[in-house]
Every structure is written in C-alpha cells, then in structure tokens.
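So the chains spell out like this:
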Amino acid sequence: MKPTNTTDPEFFHKVVDCQYACPAHTPVPWYIRLIAQQEYTEAYLVNWQSNVFPGILGRTCDRPCEPACRRGRVEDAPVAICRLKRVAADFKEDVKHRLPGAGPANGKKVALVGGGPASLTVARGLAPLGYELHLFDDRNGAGGFMRSEIPSFRLPQAVLDEEVGYVLNMGIHTHFNTFIDSMSDLLAQDYDAVFVGCGAPRGRDLPDLPGRKEAAANIHVGLDWLASVAFEHSSRIGKKVIVLGGGNTAMDCCRTSRRLGGMDVKVIVRSPFADMKASDWEKEDAVNEGIPIIDNHVPKEFVLKKGKLAGMNFEKVEAVYKDDGGRELVPTGEKPVFFPCDDVLIAIGQENAFPWIEKETGIRFTGWGTPLLNDDVTMQSTRKEVFFGGDAAFGPKNIITAVAHGHLAAVSIDLYCQGGDLTARPGPQVNLVSQKMGIHEWSYASALVEDKREAVPLVELEKALSDRALEVELGFDADAAFVQAERCLNCDVQTVFTGANCIECDACTDICPTSCISFVRNAEEQDLRQRLVVPATNTAQGLYVSDTLETGKVMVKDEDVCLHCGLCAERCPTAAWDMQMFLYNTATASLDLMEIT
Amino acid sequence: MSYIKPKFRHPRLPINTLGYTVADYDGAISTLCAGCGHDSISAAIRNACFLSSIPPHRIAKLSGIGCSSKMPTYFMGRSHGFNSVHGRMPSVATGASLANRELTYIGVSGDGDTASIGIGQFVHLVRRNVNMTYIVANNGCYGLTKGQVSATADLGTVSKYGTANQFEGIDIASLALLQGASLVARSFSGDKEQLEPLIRGAMAHKGFAFIDVVSPCVTFNNHAGSTRSYTETREHLDAMPLDFVPMREEIRTHYAAGTGQNVTLHDGSVIHLHKTGTDYRTNDRVAALNALQAAQEEDRILTGLLFLDPNSQDLNRNLNLATRPLNELGKNELCPGSRVLNSINEGLR
Numbered sequence: 154m155k156p157t158n159t160t161d162p163e164f165f166h167k168v169v170d171c172q173y174a175c176p177a178h179t180p181v182p183w184y185i186r187l188i189a190q191q192e193y194t195e196a197y198l199v200n201w202q203s204n205v206f207p208g209i210l211g212r213t214c215d216r217p218c219e220p221a222c223r224r225g226r227v228e229d230a231p232v233a234i235c236r237l238k239r240v241a242a243d244f245k246e247d248v249k250h251r252l253p254g255a256g257p258a259n260g261k262k263v264a265l266v267g268g269g270p271a272s273l274t275v276a277r278g279l280a281p282l283g284y285e286l287h288l289f290d291d292r293n294g295a296g297g298f299m300r301s302e303i304p305s306f307r308l309p310q311a312v313l314d315e316e317v318g319y320v321l322n323m324g325i326h327t328h329f330n331t332f333i334d335s336m337s338d339l340l341a342q343d344y345d346a347v348f349v350g351c352g353a354p355r356g357r358d359l360p361d362l363p364g365r366k367e368a369a370a371n372i373h374v375g376l377d378w379l380a381s382v383a384f385e386h387s388s389r390i391g392k393k394v395i396v397l398g399g400g401n402t403a404m405d406c407c408r409t410s411r412r413l414g415g416m417d418v419k420v421i422v423r424s425p426f427a428d429m430k431a432s433d434w435e436k437e438d439a440v441n442e443g444i445p446i447i448d449n450h451v452p453k454e455f456v457l458k459k460g461k462l463a464g465m466n467f468e469k470v471e472a473v474y475k476d477d478g479g480r481e482l483v484p485t486g487e488k489p490v491f492f493p494c495d496d497v498l499i500a501i502g503q504e505n506a507f508p509w510i511e512k513e514t515g516i517r518f519t520g521w522g523t524p525l526l527n528d529d530v531t532m533q534s535t536r537k538e539v540f541f542g543g544d545a546a547f548g549p550k551n552i553i554t555a556v557a558h559g560h561l562a563a564v565s566i567d568l569y570c571q572g573g574d575l576t577a578r579p580g581p582q583v584n585l586v587s588q589k590m591g592i593h594e595w596s597y598a599s600a601l602v603e604d605k606r607e608a609v610p611l612v613e614l615e616k617a618l619s620d621r622a623l624e625v626e627l628g629f630d631a632d633a634a635f636v637q638a639e640r641c642l643n644c645d646v647q648t649v650f651t652g653a654n655c656i657e658c659d660a661c662t663d664i665c666p667t668s669c670i671s672f673v674r675n676a677e678e679q680d681l682r683q684r685l686v687v688p689a690t691n692t693a694q695g696l697y698v699s700d701t702l703e704t705g706k707v708m709v710k711d712e713d714v715c716l717h718c719g720l721c722a723e724r725c726p727t728a729a730w731d732m733q734m735f736l737y738n739t740a741t742a743s744l745d746l747m748e749i750t
Numbered sequence: 004m005s006y007i008k009p010k011f012r013h014p015r016l017p018i019n020t021l022g023y024t025v026a027d028y029d030g031a032i033s034t035l036c037a038g039c040g041h042d043s044i045s046a047a048i049r050n051a052c053f054l055s056s057i058p059p060h061r062i063a064k065l066s067g068i069g070c071s072s073k074m075p076t077y078f079m080g081r082s083h084g085f086n087s088v089h090g091r092m093p094s095v096a097t098g099a100s101l102a103n104r105e106l107t108y109i110g111v112s113g114d115g116d117t118a119s120i121g122i123g124q125f126v127h128l129v130r131r132n133v134n135m136t137y138i139v140a141n142n143g144c145y146g147l148t149k150g151q152v153s154a155t156a157d158l159g160t161v162s163k164y165g166t167a168n169q170f171e172g173i174d175i176a177s178l179a180l181l182q183g184a185s186l187v188a189r190s191f192s193g194d195k196e197q198l199e200p201l202i203r204g205a206m207a208h209k210g211f212a213f214i215d216v217v218s219p220c221v222t223f224n225n226h227a228g229s230t231r232s233y234t235e236t237r238e239h240l241d242a243m244p245l246d247f248v249p250m251r252e253e254i255r256t257h258y259a260a261g262t263g264q265n266v267t268l269h270d271g272s273v274i275h276l277h278k279t280g281t282d283y284r285t286n287d288r289v290a291a292l293n294a295l296q297a298a299q300e301e302d303r304i305l306t307g308l309l310f311l312d313p314n315s316q317d318l319n320r321n322l323n324l325a326t327r328p329l330n331e332l333g334k335n336e337l338c339p340g341s342r343v344l345n346s347i348n349e350g351l352r
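These protein sequence lines map, in sequence, to chains A and B.
Position 245, counted from 1, in the first sequence is what our numbering calls 398; the numbers after and before it change by one each time, with no gaps.
Position 336, counted from 1, in the second sequence is what our numbering calls 339; the numbers after and before it change by one each time, with no gaps.
A portion of the hints provided could be inaccurate.
Heads up, simulated DSS-like pairs for lysine-lysine below, C-alpha to C-alpha not over 27 angstroms straight-line [claimed, not checked]:
| id | chain 1 | residue 1 | chain 2 | residue 2 |
| --- | --- | --- | --- | --- |
| 1 | B | Lys-334 | A | Lys-605 |
| 2 | B | Lys-10 | A | Lys-167 |
| 3 | A | Lys-605 | B | Lys-10 |
| 4 | A | Lys-167 | B | Lys-8 |
| 5 | A | Lys-469 | A | Lys-392 |
| 6 | B | Lys-10 | A | Lys-589 |
Simulated DEER-style distance windows between Cβ atoms [said to hold, decoys possible]:
| id | chain 1 | residue 1 | chain 2 | residue 2 | range |
| --- | --- | --- | --- | --- | --- |
| 7 | A | Gly-225 | B | Gly-159 | 54 to 60 angstroms |
| 8 | B | Gly-22 | A | Glu-603 | 21 to 27 angstroms |
| 9 | B | Gly-159 | A | Thr-701 | 28 to 34 angstroms |
| 10 | A | Lys-469 | B | His-60 | 52 to 58 angstroms |
| 11 | B | His-60 | A | Ala-230 | 53 to 59 angstroms |
Simulated from the structure, these hints should not be mistaken for lab results.
Cβ atoms here follow ideal geometry from the backbone N, Cα and C, with glycine treated the same way.
Could you build all of it, start to finish, from the sequences and the hints given here?
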C-alpha cells in the first residue's frame, strides 16, 4: 500500500467515527469533552455552529453517530451522544449575546420555501452575510415537521421555539400562513435565488383498500393527524386505535394516541419487527407505554358495522429473504385476522409532492418525484437559481440530514449570488495540535473508564400518558452526564506517526491494548490486512500505513478498534508517535462568526 | 503517565487450543523505560506461551535483581513467580524444578545478574542441565544504577558517560556452550520473528535451554559509540531464521531441499531452520563455539539456534528423582518410615 497521506484531512476525519457518520459532521468528541468539563455553553455553541438545533436534535435526532461509535465496537454500547447533546442544551447559560446577528445588507435577496430545518439552516448561514431572506410557510410558525410531526412529549414547544427563534431573530422576513402555489410567480419576483425546503409533506394513504371511503371519518393519515394535534385542531381519539406502519411516524402516532384517550392502541406492521424502519429506541419507547407492535400483518380491508368503522382484517405473512438482499412477504395461508378498532392512523410513509412547480420553470424531476439536482453537493436544480434541500431534495430522511443540506445549499447560494464557481467550494476548517504536556502526560483524559451506558430517566408512565405536552425524558443530570461523557474514547485525538523517528523497538505494538499496530512487510491492502497482529477484517475502517522504515518494514495501524489511550505514544522512546487533537469543521457559508473557547 | 492498561481488547483476538487469547497472558503495565528492549522480550515470552498453549498457571517465572529481573511482573500475571536475591535465581530454579518437574520454568535474568554477581551460580545451573528456559536480557550496561558498563559489554564500547570499555566482555552464550548447555541460542529483542519460535523451542526442550537476547537499553546504551544500540545491532545482525512447529501440527510449509534443517524435540515438536546453506549444524558443539568466535572476529552478531542436543537428560532424570511433583506425594511416600530406612541401611552394610 502507498503511505497514508495524513495531510488530507479526510483520513483523520474518518477516524472520528461519530463525526464522520453525522451528515452535518458535528465535532462530537469536542463537545463531549466540554460537557465533561461542565462547559455546557461552549458545548452548546460547538453544536449550534455545526447543527443549528442542539436542543431539538438532542431529543429527536436519528443519531447515525451512535451506531458508528467506536465504543460500540470495543464494548457493548456506544456513547450516549444524542442525549449528551441535550445536556449541553439543558445546562447552558443564555447564549443570545454569543450568536451572530444579521450582517450589513449585501443587496441580495433569497426566498426560502418551507420553514423547516433545511430552510432555517440556509437562513442561519446567509443572514450574517447580509442577505435579505424571506421565509414562507403555510403553517402558523416555523419549524416544519419539527413542529407538526414530532409530538411535544418528545420535543417541548419551548425548546423548539427557542432554537427556531435564534435563527428567525437574525432579521429573517417571515411569511407564515402563506402557501406558495406557483414557482413561476415566485421566480417572477426579484429574488436572486430560491431555496426549496418544503419537505416531503404528503403522507401515503391506502385509497384502494376496501372500506376506505365508507369509513373515512375514522381513518386518518398519520402526518396530517399529528399536525392537527400539534396545532390543536384535534384533541381526542377513539378508545381502540390501530396504527398502520413501522416507521418513526407510526411510533409518534401511537404514543400520541395513548395521550388523547386511546386505551387499546396497537401498531400493526407488514414487515418483521426487526426490519421496521423506526429507530430501536423509538420502538422501545412505544412498547414501554404499553403499545403492542404486531408484525407480519398486511392490511386487507376496513370492516364497517352499521356504517361505522369497526375494525380491520389483516393477512398474515412471512418474510422470505433472497440472496440478492431483497425481501418478499409471502402469505402464510392462515385465515385473515380481525382486530377491532374505533380509529385507524395510516403512517406508512411519505412522498415528495411538487404540484406547485410548473414545467416551464425548467425545474426537472426524477422518476421518483424528487428534483433532478446537479449533484448531491451543490444542491442546485436544473434551473440555476433554484436550490433544494432537506426531504424535498432526495425524499424523506431526518432533521440532521436537512441541516447538512442547508449548509451545502447556503454555500452554493452564496457562491451563486457572488458570481463564484459552485464547484470551487471552500474546504473544511482543520487543525491538528499535539496534546503532549510532559514526557507521559496528555492534555486530554487518556485513561479509559469502564462505566456502562445508562438510559435517560423517564417521568412516571401514568403522568406521561395524562399530559400530551409533558416531556417523557427527564434528561441526564450533571453527575450522570459526566459519567456518560467520560465514556467517550476521544477518537479525535489522533495517533500521528513520524516514521523518520522510529527505531522499530516494538514498544507500541507490545503495549497496544487492542493490538492495532503491526510492523510488517508492505503488500497490497487485501494481503496486508490479513498479515497484521490481528487481521483487519472490518474494511469499513482504514489502515494507516507509514513510509518504508529502516528494516524495510512498514508500520500499519488498523484504525478499527484503537482506543486513543495514548499508550503507544507513552511507550515510544523517540516520540515517533504523538497524540494530536484533530479539529474538523465542515465548510458553512458563515463559519467564523462565533468564538468558542 | 498511565499505570493501568485499559481492559478493552480487540474483539477478534485469536484464541489458542486452550481457548485463551494473548490477553490472558498479559501482566501488569511495564514501568521500564519507554522503548526498552526488555519489554519486547516480555511480549515475545507472552506470545510464545500463548502460541504454545501453555496454561498460565502451569508456568513459573523466576528472576533475580535488575531491570531484566523486573520483567516477569510485566507478563503472565496468572503464572507463578519468584523474584529471588541478586544472582541467586539459579539455585531457586534448581530447587523448584526438582520439587515439581511438571511446571514450565522460565528464568529471566540480565547481564549483571548472570555474568557478574550470579556467574558462579549460573555455570552450575548450566552444567547440571536443569530443565528450564533461561533468558538473558543482555544490554551491556547496568541500567538500574544509571548505565555503567557491565561484564558483557564489548571491548571498546563507549558508555553514556563517554569512556570506552577497557575489558573484554564475557560471551555468555559461549560460556553456556562450554559448560555443556543442551540448548544455546542468541537473538535480538527487535526480532520477534526469530525470538518467539526460539522461546517456544526452548520451552519444549527437556533440559537447560539458554537464550542470550541482545536488548538495547534506550536510556543508557542507545547512543553513537555503543555496540549495543538498536542501530548498531541491526547493522551487524547475522540472523538465522527459524520456525517452531508444535507436535500436534503437521508441517505445512514445504522448503526446497538443502535450504532447511529440521530438529525434532522430545515432545515431537520440530524446529525448522531456514538458513543452513552455510552447512551450519546445530548438533555440533565445537562448530557452534567456532561460529560464535568467527562471528565476533568479523563484527557480526550471529543470532538463531546455535546448538541443540535433542537427546539430553535433564537433572531430574540424571538423579533418578521421583517422577511426580512432591506436592502430589502423600505422607507415606514422603516419609516411608523406619522399615524402609532399615532396608536402606541394610543395603549399605
């Protein structure tokens, strides 16, 4: 293999698994260390700079960082990254004076369609640069699905209002209760650019299922129903409720039903439990609230009695997995199963819908109904001044992906408005600093703790079910947060190797607790991976290969399960190993407007 | 400074035939200087015991005094250990191996412990052919007392204080050969590929197995002018590579005729020597002595298996002692009573 080019920040970036997995690349270990130091405000600002909604995401994020966490590979459970983020938001001081405001006007005007996380992120990026920003939303408030779909018992309105407010207070012109029904009309106005962040707002229905029309009064599309609850148009539901679907919306529907009078609430899903799209913790939360999840049942018909919905019939199926990774739900041949109910909530997915974008605008769409974008970096559509982001761009994802799109689109819009080349994008902000304090001392907590992951404490079930707005999770207290924060392995403190200093004494190989370091003859990657002290079978993780050393061997470090404990560097007599703190901040339209200490 | 090694290990560590991972052979974290050759030897011993699937509790580690003799703390924390008086490990080892012949004895000593204060005990241990593996971590200086040249330091080597050594060093490998050791080897701490199979072979050998390991002292003997620095040792190294094939495994690798030599040990395991195109025969004691002398003349550090008598008789057999460990003998066997005493006395009349 060729020697690893560590001057390319992407190599070390990939070592920080959590940050790499995060669509917005939030520097996770950095803020977790700040939490351990009780620097909650700074921890919050690190987050805010990167993901705009720390308090919201600390409660609702899909947390791709956690399955990626290295702790999960060397122990059983990853660091509780998401809920530590919430700790930063819960315990921070007032941050208003630390946040950037609107910059001096630059004469450019941008329209933002939809008031969800993608649009708000674009606004946050462009406002400090002096753009005049007009945000349109058909609801009476910004936040998009964060407001209409996520129930208050998971995300208190105060938290949502606070963080949405930080953005809107940057001089954003809001146009609420305004439905944009024509892109042509919008383009005819004097906007320099348009950003579409209107989400994938249409909940899928089952229009052809027998009884759908006749029982319509008691059948609701989950997304719309959640919104009507959030905006207080609905406040009751029947005693017996069936929720169809296995995603996070289904989990929100069933838990909300439990709080609005549903006594016997069931989730019924076509796929096996393990294949459900909902996050494991959201399934767990539903089950904890006494909601059974019945899998492998395909809805067949709505059953009416005396003209009113009485229940549903389901066909039992069995999942058959094919070699190509595909799956087929095969009927078991058993008799249909009847479940009685008063109401049905359909939460079987959502679709993109752009009936308001006319063909003549030149904006073209894919066969999936999503806009045709130049690439997944510029977010620019086939009409050059129109940009997309969030669920509107590539279909339903999650908040943190919308934020990541928002950052990309803001950079693109800024480049576009200033006449720059959209592909000549600013690089990430990177830094690499030695942590050496003394011969064997580091300026980070290199010693590993063996504490286990703890769950966040919850309010009593009875209390939770009696109040729709009462937040279920209490959050970690400061002591628990410290213990959980200390579980972080500090993967951003990189093991940096200088081959010229190495005397090949093997001290690092001998001490490494997880056998990551080998000195071997060089070879092609596949061969090399097999010849290490422990074969590097996790090909998702990189190998760090040195130049050829004096004996003709190379140093190969498998980054897979490195604990970043610093023992290699402590046992190195020549400082060929050093522990260096790696900072990586993704480029955003306005990065340096805040000082974080 | 870290005093505790994290308990997390690689989740896919290989396991040996006993079901242990190499981590089960770990000891406490080393307090020797960073980069000390001795730590590499510790790791080689640990790896060798793991690879040979020796149960940790069936191993006894013995040492005297010195940096080298601290080493047993840093490997195999679940084994027996005896840290004896300076230079007196041989007598403890002799007693232990007579009392319980079923344990694997690993003696770890240094150039001071073996060639200075302990040289008297050492030569007697050799000539008695006590069944043990005796490893000398040989760095040519007294690291524990700030790096004075030791009895094994080469003539003319420059100490850290800048003075050249005026005396001829004692070549302990030659000494062991002269005194009739049944296995003699030399290696380098920085060459685990050679050291590990040597230690495995030494442990499988029934009799006194001696391994002299050049182990650079990074703090006091790793400078220009020293003949035992990492750089100098590597430059003058003349290594004879080898493999160790345990009894239960078939020899899968095929070597071209004339490029290898196999030596079968007591237990059926095999040491395979790769580089014997030079007609080196490991069963010729005089040739081994000559080869060592010739290498020294030519400034080469000859490493590998220098001599092996696979048919040697260890002390237990020579003295015709009880075949079972003393701790397994009952009261009647240990103290057979006046009737047996009388019959012995009768036999002497």
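We went through each hint and held it up to the structure:
1. Using a Cα cut-off of 27 angstroms, the hinted pair B/Lys-334 and A/Lys-605 is violated, with the two alpha carbons roughly 52 angstroms apart.
2. Under the criterion of a C-alpha separation no larger than 27 angstroms, the hint pairing B/Lys-10 with A/Lys-167 is consistent with the structure, at around 25 angstroms.
3. A threshold of 27 angstroms between alpha carbons decides the hint, and for A/Lys-605 with B/Lys-10 the separation of about 13 angstroms falls inside it, so the pair holds.
4. Between A/Lys-167 and B/Lys-8 the CA atoms are separated by roughly 26 angstroms; this keeps the pair inside 27 angstroms, and the hint holds.
5. Restraint check: the Cα-Cα separation between A/Lys-469 and A/Lys-392 comes to about 25 angstroms, which is no more than 27 angstroms; the hinted pair holds.
6. Only pairs whose Cα atoms come within 27 angstroms are accepted, and B/Lys-10 paired with A/Lys-589 is accepted, the gap being roughly 23 angstroms.
7. For A/Gly-225 and B/Gly-159, the Cβ-Cβ distance of about 57 angstroms falls inside the hinted range of 54 to 60 angstroms, so the restraint holds.
8. Taking the beta carbon of each, B/Gly-22 and A/Glu-603 are about 24 angstroms apart, inside 21 to 27 angstroms as hinted.
9. B/Gly-159 and A/Thr-701 have their C-beta atoms about 33 angstroms apart, which keeps the hinted 28 to 34 angstroms range intact.
10. For A/Lys-469 and B/His-60, the hinted distance range of 52 to 58 angstroms is satisfied, since their beta carbons lie about 56 angstroms from each other.
11. Between B/His-60 and A/Ala-230 the CB atoms are about 33 angstroms apart, so this pair departs from the stated range of 53 to 59 angstroms.
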